[in-house]
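Chemist: The residues making up each chain are set out below.
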Amino acid sequence: MAGLMSGFGSFTHAVVRAVPQSLAKEALRTGSQEVDLLKVREEYDEYVSVLKHRLGLEVVELPADDALPDSVFVEDVAVVCGDTALITRPGAESRRKETEAMKTALTELGLNIVEMTDESATLDGGDVLFTGREFFVGLSKRTNQRGAEILADVFKDYAVSTVPVQDRLHLKTVCSMAAPGLIAIGSSEPAQKVLKIMQQMSDHKYDKLTVPDDYAANCIYMNLPGKGDVLLHCTPEEFPESAKVFEKLKDHMLIPVNNQEKAKVDGGLTCLSVLINKKNNI
Amino acid sequence: MTTEVGSETDVKKEPEKVPEVQQQTEPQQTEQPDKAADSAAQPASASDDQPQEESQSAEAKSDPEAAASPEPSSPPAAGGQKKDKGISRFLPPWLKRQKSLSQDKPAESTEPPRQESVEAVKEEHEETSQPKEEADGEGGATTSTEQTEEVKEVKEVKEVKEVKEVKEVKEVREESRAEEVQVEEKDKEEEKSIGSADTQPVREEKEGESEVKESEEQTEKKEEKKEEEQVNQQETSVLSALKLKKMKMVVCHVTLLDGSQFSCEVEKRAKGQYLFFQVCEQLNLLEKDYFGLSFKDNAEQRCWLDPTKEIKRQIRNSQWQFAFSVKFYPPDPSQLTEDITRYLLCLQLRQDIASGRLPCSFVTHALLGSYTLQAELGDHDPEEHRLDYISDFQFAPNQTKELEEKVVELHKSHRGMTPAQADAQFLENAKKLSMYGVDLHHAKDSEGVDIMLGVCANGLLIYKDRLRINRFAWPKILKISYKRSNFYIKIRPGEAEQFESTVGFKLPNHRAAKRVWKVCVEHHTFFRLVSPEQPTKTKFLTLGSKFRYSGRTQAQTRQASSLIDRPAPYFQRTSSKRISRSLDGAPVVNVSDYSQALTAGAGENGPSLELNSDSKSPQVEVVEKPNEDADTSLTSETAFETDKGGAPERKSKLRVQGENIYVRHSNLMLEDLDKTQEDVLKHQASISELKRSFMEATPEPRPSQWDKRLTGSPATTLRLQAQGSLEEELTSLFLSKACFSGLAGSCSADAAPAEASKVSAQPEVPQQTPPRPGTDSRDASKPPVVKTEMVTISDTFAAQKTEISTKEVPIVHTETKTITYEAAQLDGNGDGEPGVLMTAQTITSESLCTTTTTHITKTLKGGLSETRIEKRIVITGDSDIDHDQALAQAIKEAKEQHPDMSVTRVVVHKETELAEDDD
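Heads up: the sequence lines are chains E and P, in that order.
At position 158 of the first sequence (counting the first as 1) the number is 158 in our numbering, and the numbers step up by one without a gap.
At position 215 of the second sequence (counting the first as 1) the number is 215 in our numbering, and the numbers step up by one without a gap.
In short, the hints are calculated from the structure, not lab data.
We treat Cβ as the ideally placed atom computed from N, Cα and C, and that holds for glycine.
Worth double-checking, as some hints may not be accurate.
[Stated by the list, open to error] Partial chain P-side listing against chain E, Cβ under 8 Å, derived:
#, residue
1, Pro359
2, Cys360
3, Ser361
4, Val363
5, Thr364
6, Ser434
7, Asp445
8, Asn458
9, Arg466
10, Leu467
11, Arg468
12, Ile469
13, Arg471
14, Val530
[As the list claims (entries may be wrong)] Lysine-lysine pairs mimicking PhoX-like chemistry, simulated, CA-CA at most 20 Å apart:
#, chain 1, residue 1, chain 2, residue 2
15, P, Lys476, E, Lys196
16, P, Lys431, E, Lys156
17, P, Lys476, E, Lys193
18, P, Lys476, E, Lys205
19, P, Lys401, E, Lys205
Hey, can you work out the whole structure from these sequences and the hints?
Modeler: Dropping the structure here:
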């Protein structure tokens with residue numbers, strides 16, 4: 001560890017999980033759209049390919065499990081910061097077992113594992129926004145105060161602020177980090193409200209990158225050796241206006257990634273992986 | 001004044017009260033220096049000194065006071081007031097209200113023999129002053145003061161650090177009365193002192209005596225005090241030097257950050273600053289503004305030693321044992337100029353980490369520990385450094401073998417790093433920790449949920465468990481205040497919001513609330529202002545505590561340290577073993593303790609902030625807005641501006657009710673409005689004369705005589721002292737009934753409504769502006785304190801009130817601290833029901849409180865001339881006294897005496913906590 005809170009966005013590993021057959025019909029969703037499993041798998045393959053081949057990350061792929069229709073969204077079951085991984089207790093009961101495979105994989109990667117055993121706590125990783133300096137935890141239908149407290153207890157170095165999330169599934173459904181100190185945020189009222197709260201709660205100044213579509217605000221920032229700033233974001237086909245906003249980030253290596261089909265089951269780009277940095281760990 | 005008489009009796013009866021008195025006196029002392037300075041300027045008019053205030057408001061008061069002053073003994077009675085707690089039981093719920101009285105002063109008064117001649121002089125002064133007051137419309141002001149108990153507000157008008165307004169609103173009320181009494185005493189003392197020496201010195205002596213009860217000769221004290229006062233602005237060192245020759249020396253033990261002890265002899269009356277400088281000199285530290293000395297008070301709470309105040313008064317009976325520690329954590333330690341400063345900061349942080357006060361992860365513990373090893377031991381030496389070489393260090397609250405191994409592993413990687421570099425690296429990582437420099441205080445939110453208030457460089461953080469649930473940056477905060485055990489922040493309205501809102505927090509006790517407030521004032525000033533707000537040099541009325549951070553701000557200290565031109569001083573780092581000891585065994589400052597220390601640190605008797613949330617009673621808030629721009633040259637003008645802040649109680653009420661998140665508490669906390677006090681004061685003036693005469697005739701009040709005289713006077717005063725049992729328990733118990741003539745009522749009716757409306761429209765400005773000319777600004781400010789209702793009262797009353805307020809104001813600090821129980825009843829204000837009998841029990845020595853307000857109310861409502869009788873009972877005594885019973889007794893008597901009237905309201909003002917706080 002070169003130093004506390006350094007190396008934001010620098011990753012060496014990614015954990016993903018293959019798409020189960022059951023996703024199409026059984027995965028939880030806020031809408032009621034039909035999902036084309038084939039398309040989902042295409043998107044997934046493309047996603048993994050970008051991580052593995054284009055960005056050079058070590059990708060650990062967990063096997064699909066039909067008993068866990070939502071398991072492709074691995075982000076929700078683990079929060080990794082530094083060399084510590086918090087295995088969450090997902091808010092949806094049907095997803096609790098997704099943690100098992102994740103825990104095993106992260107243990108094998110040598111991370112310090114902390115499990116959320118408190119039965120009154122729920123936390124979805126999708127509600128956890130790490131900015132490099134602090135955490136914001138969305139209090140949503142999936143995440144409660146107790147879950148946030150446990151997270152704060154695990155990552156003691158950082159301030160952990162709670163942000164009420166209304167009318168959206170997760171905190172990161174409407175925002176994410178697009179660069180150090182730069183928050184990508186949707187334009188909707190709930191999104192702007194979230195941003196306002198985060199700005200008030202923080203001792204740090206954040207710039208904002210406002211995109212017309214909330215879903216487009218979910219992007220993945222990385223800082224990789226030899227590649228510099230990397231941003232995985234929505235495609236122009238899916239959100240043309242929002243894509244234009246991202247395209248203004250001239251200094252970033254911009255990689256549009258199609259996520260149209262998974263969005264039908266509330267899956268954003270960040271949901272599909274748990275990113276880990278092993279080099280900087282002590 | 002009648003009250004005073006009673007207090008005298010009380011005092012005589014109750015020696016126990018002394019301790020309380022001492023506390024109260026302390027605050028007074030602090031005020032006194034200022035006064036003394038004034039007096040120095042005008043030696044001839046010793047009384048004038050205190051009076052600066054008097055001239056404004058005090059003058060009027062002085063007259064009444066003067067009358068009262070002859071019977072200063074009453075002040076002791078005030079001491080007993082604190083124990084009113086029990087009273088509430090006996091009162092019907094609707095009768096209960098709270099008021100505060102200052103007990104301390106009364107005690108003092110007793111000590112100094114009152115000279116009639118002196119009193120007369122005072123009276124003269126008062127008379128002169130009164131007219132002024134009247135002209136100023138001080139009466140209204142006085143009322144306002146009463147209403148606003150003590151509110152200290154820090155306003156930032158601009159995000160720019162430059163401008164911040166500090167509003168101090170104190171509730172004049174009964175406390176003010178008590179203060180009056182005290183003032184009178186002081187005046188007397190001053191006069192006396194004048195005769196012998198300077199009045200100011202005399203005061204100090206008295207205070208010191210009461211507090212410390214030292215056997216030192218008064219003359220010496222006087223001299224010392226004089227010196228101090230004069231030098232106040234100058235460095236204490238000079239004073240100390242002077243004193244050294246004459247004064248007794250005391251050995252102070254200071255625990256340094258490396259765990260070692262530093263002992264140093266200081267003159268017994270040296271100020272905190274002197275000791276602090278000695279320590280800094282010992283440490284060879286130039287960038288000292290980030291540091292401070294702390295001590296543990298009787299309640300084992302860590303308090304910061306106020307550099308501007310005498311050590312002895314702050315530590316009271318505690319040991320002369322101090323700890324040197326970081327008070328303001330620099331957000332960017334790399335901007336510190338000297339390595340030695342960074343080293344000391346490292347030592348502090350090591351303590352913070354080892355104690356758990358600064359939480360961090362395993363990895364961070366290991367990393368920081370490794371830098372500590374590098375700084376202390378140099379490069380890792382495989383031969384010399386076995387695993388056990390670090391077992392003497394404590395890197396974490398719970399240190400495991402695994403951690404130690406990790407520390408060693410990392411230590412190896414720091415090869416070649418100098419100690420200074422290692423320290424710098426340590427700080428670069430530590431400063432990023434989320435709890436770095438956050439001073440935590442336990443509190444509850446409006447719903448009673450346990451939370452933590454974290455004061456830091458950027459503002460106020462709200463935590464629930466480890467979660468940050470809210471944050472208020474300094475620019476977002478318009479005003480901070482405390483009242484009782486509540487701490488309030490007024491929030492700047494957001495873009496979409498039209499009104500500012502007030503958020504209240506419940507602290508464990510009044511001291512804790514004050515501590516938070518002080519820490520906020522200090523942090524806000526240090527980190528956000530370019531220069532400290534000017535102390536309210538003038539004693540213009542500020543009812544709240546005058547506490548301000550008087551040290552250098554970060555901006556100033558940075559500028560100063562940029563001028564440091566010396567070769568990097570050599571300093572020896574502690575050996576590993578010593579460190580380990582210090583970390584392990586050294587008194588580790590706990591978070592809670594620390595916070596407390598910080599709060600206390602300011603040390604000054606902050607005026608208690610009182611937000612009168614009581615809807616009925618109008619609160620007058622005196623707002624001090626020091627313009628930072630003005631910086632050094634804060635003249636009376638600034639004070640005036642500040643005064644503008646004072647809003648009528650009603651306004652405040654409105655705000656509070658509508659916007660206050662913490663309405664419940666505020667309501668509970670609501671104290672009687674100042675009106676009662678004002679009324680009381682007025683009545684007191686007239687009554688005081690009666691009392692005086694009466695007292696002169698007979699040292700101990702005779703109920704029958706009292707009644708007669710009182711009845712004869714416009715106000716009827718009932719003396720409860722007659723009851724033997726009560727007498728013993730209560731230092732002073734006064735019931736005064738005042739009947740206002742129709743005239744008063746009519747006047748009040750007109751004036752009151754008008755004022756009210758004005759207030760609502762322009763809360764603060766209206767009242768203050770009219771009466772105050774530039775110089776009078778102080779007075780004006782004070783008047784705002786007084787409730788509008790008071791204004792309505794006849795001129796004479798107003799004048800008296802104003803005097804009181806002024807006097808009180810200076811004294812206020814002390815008073816605020818002092819605990820007072822008041823039961824104020826009259827809401828002459830709109831609240832008051834027609835034909836209401838108001839009984840106010842004031843712990844303060846002041847006995848008689850008639851409320852003109854009562855009359856006013858009546859007239860207002862029905863145009864009827866109803867007679868209201870207000871009784872003020874001052875109960876002074878130690879906890880032993882059963883205040884409840886005393887109150888019940890008083891009420892009972894009142895009923896018996898006025899069978900044809902009914903008791904409509906009883907206001908009980910308890911200031912116990914305040915009293916404790918008194919520094």
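Chemist: Would you mind marking each hint as holding or not holding in the structure?
Modeler: Here's how the hints hold up against the structure:
1. The beta carbon of Pro359 of chain P is positioned within 8 Å of a beta carbon in chain E (closest approach about 4 Å), and the interface hint is therefore held.
2. Proximity of Cys360 of chain P to chain E holds as hinted, the smallest CB-CB distance being about 5 Å (cut-off 8 Å).
3. With a least beta-carbon distance of about 5 Å to chain E, the hint placing Ser361 of chain P at the interface is held under the 8 Å criterion.
4. The interface hint given for Val363 of chain P is met, as the beta carbon of that residue sits about 6 Å from the closest beta carbon of chain E, less than 8 Å.
5. Annotation: interface hint on Thr364 of chain P holds; nearest CB of chain E at approximately 5 Å, less than 8 Å.
6. Evaluation of the Ser434 of chain P hint against chain E yields a held restraint, the C-beta minimum of about 4 Å falling below 8 Å.
7. Look at Asp445 of chain P: its Cβ only gets to about 14 Å from chain E, farther than 8 Å, so that hint breaks.
8. At a threshold of 8 Å, the smallest CB-CB gap from Asn458 of chain P to chain E is about 5 Å, leaving the interface hint in force.
9. The interface hint given for Arg466 of chain P holds, since its Cβ lies 4 Å from the closest Cβ of chain E, which is under the 8 Å cut-off.
10. Satisfaction of the interface hint for Leu467 of chain P is found here, the shortest Cβ-Cβ separation to chain E being roughly 5 Å, below the 8 Å cut-off.
11. A hinted interface residue such as Arg468 of chain P counts as satisfied when its beta carbon comes closer than 8 Å to some beta carbon of chain E; here the least separation is about 4 Å, so the hint holds.
12. Here the hint on Ile469 of chain P is kept, as its CB sits about 6 Å from the closest CB of chain E, short of 8 Å.
13. Residue-level restraint check for Arg471 of chain P holds (minimum Cβ-Cβ distance to chain E is 5 Å; threshold 8 Å).
14. Interface restraint check: Val530 of chain P against chain E, minimum CB-CB distance 21 Å, threshold 8 Å, status violated.
15. For the suggested pair Lys476 of chain P and Lys196 of chain E, the alpha carbons sit about 14 Å apart, so the restraint of at most 20 Å is met.
16. Straight-line distance between C-alpha atoms of Lys431 of chain P and Lys156 of chain E comes to about 14 Å, which keeps the hinted pair within the 20 Å bound.
17. With a C-alpha separation of about 18 Å, the suggested pairing of Lys476 of chain P with Lys193 of chain E holds against the 20 Å cut-off.
18. For the given pair, Lys476 of chain P sits about 15 Å from Lys205 of chain E by alpha-carbon distance, which is consistent with the 20 Å threshold.
19. Straight-line distance between C-alpha atoms of Lys401 of chain P and Lys205 of chain E comes to about 39 Å, which puts the hinted pair past the 20 Å bound.
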